[in-house]
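**Student:** Sequence:
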Amino acid sequence: MDERGNLRLPAVDHDNYPDGEIIDILRRVKTVAIVGASANPVRPSYFVMKYLRDKGYDVLPVNPGQAGKDILGQQAVAALADLPVSVDMVDIFRASDAVPQLVDEILAMPSLPKVVWMQLGVRDDAAAARLEAAGIRVIMNRCPKIEYARLSGEIGWSGVNSRKISSRKPVLRDGYQSFGIRQNCDDSTS
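Sequential numbering of the sequence shown, starting at 1, is according to my numbering.
The hints are simulated quantities; they were obtained by calculation from the structure and are not laboratory data.
Hints may contain errors.
[Unchecked claim] Below, in silico cross-link-like pairs of lysine-lysine (PhoX-like), each with a Cα-Cα straight-line distance of 20 Å or less:
no., residue 1, residue 2
1, K145, K30
2, K50, K69
3, K114, K145
4, K145, K50
5, K114, K30
6, K30, K50
[Claimed, not checked] Cβ pair distances, simulated, as ranges:
no., residue 1, residue 2, range
7, R53, A79, 29 to 39 Å
8, D13, G65, 33 to 43 Å
9, G65, A133, 25 to 35 Å
10, N16, G68, 14 to 24 Å
11, R27, S86, 25 to 35 Å
12, K114, P84, 12 to 22 Å
13, S111, A78, 27 to 37 Å
14, P18, A133, 31 to 41 Å
Glycine is no exception: its CB is placed at the ideal position from the N, C-alpha and C atoms.
Construct all of the structure, not just a fragment, from the sequences and the given hints.
**Tutor:** Laid out in structure tokens, this is it:
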């Protein structure tokens, strides 16, 4: 708390996120709004939406050009203000210069999300500071699909270095070749 009684979060190193922080976010989040969701199956936002949905997250597409249309079984809305339910996380698939306006929309939501996640290549430190001042966790220049796959070991199936070495038996979840994130994963290799 600061001298005025406002919540002060510790300074965040937005260049390095501990695996434990990412794991905590991916475990606690249940509903995700994807801003910039695409109905085109070759677009990265479509891949991420499908992957997160297949992992059990409720994913809601936000895209003014697709408003009222169906994307992966969910009706897209034009803006965050149009979401029918509150969300735990807002995942931003927009250019960095669009982030300040999106932060205004996020801070105007009746129920603030716990996390704002900016996709690969998306970063705005001033916007992150505003969100953090409101008590919202911020992840920038990362992809939740990649992070989930890395931390669960799934990304290793395609030969990508996950930075994790383990002899632990993976936790198999429902679904086709679907591992969950290990319960006791820390930042060290095991």
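**Student:** Does each hint fit the structure? Answer for all of them.
**Tutor:** Do the hints match the structure? See the list:
no.: 1; hint: K145 <-> K30; result: 14 Å, holds
no.: 2; hint: K50 <-> K69; result: 16 Å, holds
no.: 3; hint: K114 <-> K145; result: 18 Å, holds
no.: 4; hint: K145 <-> K50; result: 10 Å, holds
no.: 5; hint: K114 <-> K30; result: 11 Å, holds
no.: 6; hint: K30 <-> K50; result: 14 Å, holds
no.: 7; hint: R53 <-> A79: 29 to 39 Å; result: 21 Å, violated
no.: 8; hint: D13 <-> G65: 33 to 43 Å; result: 35 Å, holds
no.: 9; hint: G65 <-> A133: 25 to 35 Å; result: 31 Å, holds
no.: 10; hint: N16 <-> G68: 14 to 24 Å; result: 41 Å, violated
no.: 11; hint: R27 <-> S86: 25 to 35 Å; result: 18 Å, violated
no.: 12; hint: K114 <-> P84: 12 to 22 Å; result: 18 Å, holds
no.: 13; hint: S111 <-> A78: 27 to 37 Å; result: 19 Å, violated
no.: 14; hint: P18 <-> A133: 31 to 41 Å; result: 21 Å, violated
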